[in-house]
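Could you build the full structure based on these sequences and the hints that come with them?
Note that the sequence shown covers residues 1 to 735 in the UniProt record's numbering.
None of these hints come from the bench; they were simulated from the model.
You may find that some hints are simply not true.
Said to hold, decoys possible - Each pair of labels, with its calculated beta carbon distance range: (1) Pro299 to Arg370: 24 to 30 Å; (2) Leu391 to Gln264: 38 to 44 Å; (3) Lys41 to Glu195: 41 to 47 Å; (4) Ile527 to Val268: 44 to 50 Å; (5) Asp393 to Phe348: 16 to 22 Å; (6) Thr224 to Glu480: 48 to 54 Å; (7) Ile527 to Thr403: 30 to 36 Å; (8) Arg236 to Leu271: 34 to 40 Å; (9) Trp373 to Phe48: 36 to 42 Å; (10) Val291 to Val400: 55 to 61 Å; (11) Arg370 to Gly470: 54 to 60 Å.
Every residue, glycine too, gets a C-beta built ideally from N, C-alpha and C.
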Amino acid sequence: MTRPRQENATSRGEDKPSTPDGAHLETGEVVEVVVEWKPGKQEWAVMFTIALISLMVALDATILVSVLPTLAVDLGGSATDAFWAGTSYLLSCAVCQPFIASLSDIFGRKEMLLASVLFFTIGTVLCAPIASSFTVFFAGRAVQGIGGGGIITMGQVIFADIVPLRQRPKYFSLVLAAWALGSVLGPLIGGLFVEHAIWAWCFYVNIPFCALGLILVPLCVNLTTDRTSLRSKLARVDWMGGFLFIGGLTSFLVGMSWAGVQFQWKSVQVLVPMMAGVAAIVACFFWEKHVAREPFLRPSLFYSASALAAYACALFQGFILFCALYYVPFYFTSVHFERPTQSGLDIFPVTCVLLPGSILVSLISTRTGRYRWAIWSGWAITSLGCGLLALFDQNTPTPVWATILAVFGVGHGILLTSVNVAIQAISTVADAGRAAAMYAFMRTLGMAIGVAVGGTVFQNRMIAKLQEFGMSEDIAHDSEAFVPKMAAMDPDDPIRVGALEAYVAGFHGVYWTITGASVAALLVSLIIKRHTMNKSLDTRFTLQGAATPMMAGVTVMMEQLNAEDRSQDTCTSDRRLPPVVKDSNLSSQMPSAFDLASVDSISKDSEADEPEHNDQREKNDIDNESEDSEIDMAAVAYFVEASGKIVPVSIKSDEGAVSQMGSVFECDINEEGREEGRASSQSSHQSEPPSPEELFEQAWGAGSMNSGDESDHAEHEAAFANLAPAWMYEGEETR
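Right, dumping it as structure tokens:
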């Protein structure tokens, strides 16, 4: 495997090697080389499919907000039945998400996403064409919720499989935009259907989305799947853990939803299901930690205070979002007597700023690798917006409420991206998919809790105000049905005046509640420490035929050392030299099959914030100090990808990277990885460095790319020949 000698910086007579953008390195200078990850056609197809079905789920979650009173009348139900029409969906959507994420590890990503779309389709059919009573309707909404929860969580998991974390915020903003758009347009579309058609159209509108999802998911979402028997896969499922978790959480949420709405908080009907639910959840955690062979809940997701704080922020986020999306339109219909369509239009100020804010934060986070500033500023602005909602009354002018809603939208748009990114950055690379799914679960759980808490606060505040006016409490128990009666009254009617005061008091109670939740979330978010976003992809589920390498996001640093530094066996990261960032693109230097998706450095700050994770960080941090830095970096990344192993060893010697590369393939990753790596490095200095041909054979023998196909062997060997730096061949003929 001999090729003509290539010129490097030294052979050209230059004493300063250059970075890919042409800038020369000074002695002792460290630079970060960033290689931009760009999705191919297959990645775009997957992202578009997930965004499309996410839009469907978001629409369905909010479209009934302005439809519930009409729906209750048509199906012969009460205000309580209308309340459960929304609650049953959110409840089933929340409780199934972690278990579905676990099933996708066993049965496959595409299979579980397709099953989720199928469940959503069946639930849609049960709700619209078939439902003639609330019993059937509740069943349909519950089935829809299972499907919707699966779509939400699988979208998060699949993005974690195919997009490196550093680039994930930018591209996941496509899904966030679809979700935000659907959440805000839902009440508007629902109002249009109520005024100009029938409520069943709220479900008919899902059918085209369902059909597209059932077609696009099998065609586009082609991620690899374990080829084992169905029996062996079923045996791996944590059935007991799933039963305890889903059953316990359902029981707890049902009891909470009944509290203050159908029964008193201290009643047996509330306390028994809530206590039974808590007991089942505690039993679930014990089972997962001590008994389950393959637990569906990973304790490693909750390993630190930062992780717990980030999940709490996701819970608060869902709680606040649902309360706002439900009680702001209800404010316009009940206090200003607007039509459902107009009340849907009134929340457009939220949409107009939420989407740009989310996308802007995504781009900045991808560029800088920072996200904590966005979390803190997002919660501060959201707290301000929630507090300003308390200014809403019968006489609030349009410019005032529009500005307040815009402030709320800015804050929540910032949080949509930043909290999600924080959770995945805090988790280990192997847990990234599960962490993303847990974020979706916590946010949905917050929405389900918001149903119970928001309804209780609103009703209790209304009752207190009605008692001041000596009016019946029945108005509070059936607040939506009383709105048309109140609108028909004379403006000076004492009943109307008192009822309006009671409605405003109820809304203020909800708004102050979410303000308190926002402030609490801001305080909790201060616990979150900075974690690096420069993490590689580590998953068994790769997109078939895609060019994205498994080591997308691998960290590589370049440094020009003086002769004294070159003779020392210390790694660059130990010296903590200040980085000088220089952007470049190495795509033209490598075959597309081995194109790096992201190459960037891990900062000193992130290491200081994560002392307990130095081992994991070092696996992703390769200090490349060779002379021909640009091509060395590509060769090292290729070898690491080919071998499937990364060890924390410094790649340097008088002979170049070759004498050290052998240790990359000889060392296993374990707690003594650094010591073994250094020991192997020392032994490699004492022996003759392997030839490029021998080195390639080591990589091939240890690597996950070894398919046994001789043509693949030749292809990889040829690729290495193109990537290996010139000095690796210097002296080869005399060896």
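Verification of the hints:
{"no.": "1", "hint": "Pro299 to Arg370: 24 to 30 Å", "in the structure": "holds, 28 Å"}
{"no.": "2", "hint": "Leu391 to Gln264: 38 to 44 Å", "in the structure": "violated, 32 Å"}
{"no.": "3", "hint": "Lys41 to Glu195: 41 to 47 Å", "in the structure": "holds, 42 Å"}
{"no.": "4", "hint": "Ile527 to Val268: 44 to 50 Å", "in the structure": "violated, 38 Å"}
{"no.": "5", "hint": "Asp393 to Phe348: 16 to 22 Å", "in the structure": "holds, 21 Å"}
{"no.": "6", "hint": "Thr224 to Glu480: 48 to 54 Å", "in the structure": "holds, 49 Å"}
{"no.": "7", "hint": "Ile527 to Thr403: 30 to 36 Å", "in the structure": "holds, 32 Å"}
{"no.": "8", "hint": "Arg236 to Leu271: 34 to 40 Å", "in the structure": "holds, 37 Å"}
{"no.": "9", "hint": "Trp373 to Phe48: 36 to 42 Å", "in the structure": "violated, 30 Å"}
{"no.": "10", "hint": "Val291 to Val400: 55 to 61 Å", "in the structure": "holds, 57 Å"}
{"no.": "11", "hint": "Arg370 to Gly470: 54 to 60 Å", "in the structure": "holds, 57 Å"}
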